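Novice: So you can see what is in the structure, the chains are spelled out below.
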Amino acid sequence: GQQVMQIPQYQHVQEGEDFTTYCNSSTTLSNIQWYKQRPGGHPVFLIQLVKSGEVKKQKRLTFQFGEAKKNSSLHITATQTTDVGTYFCAGGVGNFNKFYFGSGTKLNVKP
Amino acid sequence: DAGVTQSPTHLIKTRGQQVTLRCSPKSGHDTVSWYQQALGQGPQFIFQYYEEEERQRGNFPDRFSGHQFPNYSSELNVNALLLGDSALYLCASSRQGAGTEAFFGQGTRLTVV
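Quick note, the sequences are listed as chains P and X, same order.
All residue numbers for the first sequence refer to our numbering, where the first residue is 1472 and numbers rise by one.
All residue numbers for the second sequence refer to our numbering, where the first residue is 169 and numbers rise by one.
The following block holds chain P by itself, in its conformation from the complex (with noise of 0.2 Å):
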């Protein structure tokens, strides 16, 4: 069935170092959209990428979409502490918004 995988599962850095995380999808993916979630909180949506290859930048933060609309990419530049919290990718299959998300990389970030 569907899968989507998020690589890594945490994410310990100092303030002021880079970050990454990695979600690849077991088939492909008519769209990626990546969420936030605080701890105790709900997800809240941060950018969709549609198009192959497409990147799409917010600030610190660089969002990149396979060409075969497989995997994608969260970059955050510089991380400051109110990055903390987990970065959830979620493909979206078909022409419905039915997304399955990944795991998850918590972010926690040293001052």
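Quick caveat, the hints were computed from the structure, so don't treat them as lab data.
Owing to the predicted nature of the structure, the values given are computational and were not obtained by experimental measurement.
Take these hints with a grain of salt, some might be off.
To give an idea of the interface, some chain X residues facing chain P are shown, with a C-beta separation under 7 Å as derived from the structure [claimed, not checked]: (1) 210; (2) 211; (3) 224; (4) 269; (5) 272; (6) 275; (7) 279.
A few chain P residues that face chain X, going by a derived Cβ cut-off under 8 Å, partial list only [said to hold, decoys possible]: (8) 1479; (9) 1481; (10) 1510; (11) 1513; (12) 1516; (13) 1519; (14) 1569; (15) 1570; (16) 1571; (17) 1572; (18) 1574; (19) 1575.
We treat Cβ as the ideally placed atom computed from N, Cα and C, and that holds for glycine.
Add chain X to chain P, keeping to what the hints say.
Specialist: Only chain X this time, still in chain P's reference frame:
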């Protein structure tokens, strides 16, 4: 403009009981999806409702059922609760169509004892 609202926020039930969780979608949204998020895991898709019908379903047993009302709000029902049903239940609303942004509610934390 209210976002997605879910009720209740917390709930404690006994094994074998039944539970109903409620979701009001964001204004302008017509599609509601339900997810189960176990501790330390990513959300797992339960099902999606559009035009008052279940449009898609994940790998969940028939004990999980739902409903969507004409005002687009939705309910998730779980029968014969098991300890393993303890989780955060998330509702996400969106507009119909592929690849539209989904907005999540704050979730209902269900504990089965």
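Novice: Give a verdict on every hint.
Specialist: Checked hints:
A least Cβ separation of about 4 Å between residue 210(X) and chain P falls short of the 7 Å threshold, and the interface hint therefore holds. For residue 211(X), the interface hint holds, since its Cβ comes within 7 Å of a Cβ in chain P; the closest pair sits about 5 Å apart. About 5 Å separates the beta-carbon of residue 224(X) from the nearest beta-carbon of chain P, less than 7 Å, and the hint is met. Among the interface hints, the one on residue 269(X) holds; its C-beta lies about 5 Å from the nearest C-beta in chain P, closer than the 7 Å criterion.
Taken as an interface hint, residue 272(X) checks out: its beta carbon lies about 5 Å from the nearest beta carbon of chain P, inside 7 Å. For residue 275(X), the shortest C-beta to C-beta distance to chain P is roughly 5 Å, which falls under 7 Å, so the interface hint holds. A distance limit of 7 Å between C-beta atoms decides the matter here; for residue 279(X) the minimum to chain P is near 15 Å, and the interface restraint is violated. For residue 1479(P), the shortest C-beta to C-beta distance to chain X is roughly 14 Å, which exceeds 8 Å, and the interface hint is violated.
The interface hint given for residue 1481(P) is broken, as the beta carbon of that residue sits about 10 Å from the closest beta carbon of chain X, more than 8 Å. Taken as an interface hint, residue 1510(P) does not check out: its beta carbon lies about 11 Å from the nearest beta carbon of chain X, beyond 8 Å. Against a cut-off of 8 Å between C-beta atoms, the interface hint on residue 1513(P) holds, since the closest Cβ of chain X lies about 5 Å away. The beta carbon of residue 1516(P) is positioned within 8 Å of a beta carbon in chain X (closest approach about 5 Å), and the interface hint is therefore held.
About 6 Å separates the beta-carbon of residue 1519(P) from the nearest beta-carbon of chain X, less than 8 Å, and the hint is met. Checking residue 1569(P) against chain X: minimum C-beta separation of about 5 Å stays under 8 Å; hint holds. For residue 1570(P), the interface hint holds, since its Cβ comes within 8 Å of a Cβ in chain X; the closest pair sits about 6 Å apart. For residue 1571(P), the interface hint holds, since its Cβ comes within 8 Å of a Cβ in chain X; the closest pair sits about 7 Å apart.
Hint status for residue 1572(P): holds, given a least beta-carbon distance of 4 Å to chain X, under 8 Å. The interface hint given for residue 1574(P) holds, since its Cβ lies 5 Å from the closest Cβ of chain X, which is under the 8 Å cut-off. A distance limit of 8 Å between C-beta atoms decides the matter here; for residue 1575(P) the minimum to chain X is near 5 Å, and the interface restraint holds.
Violated hints, listed in ascending order, are 7, 8, 9, 10; each of the other numbered hints is respected by the structure.
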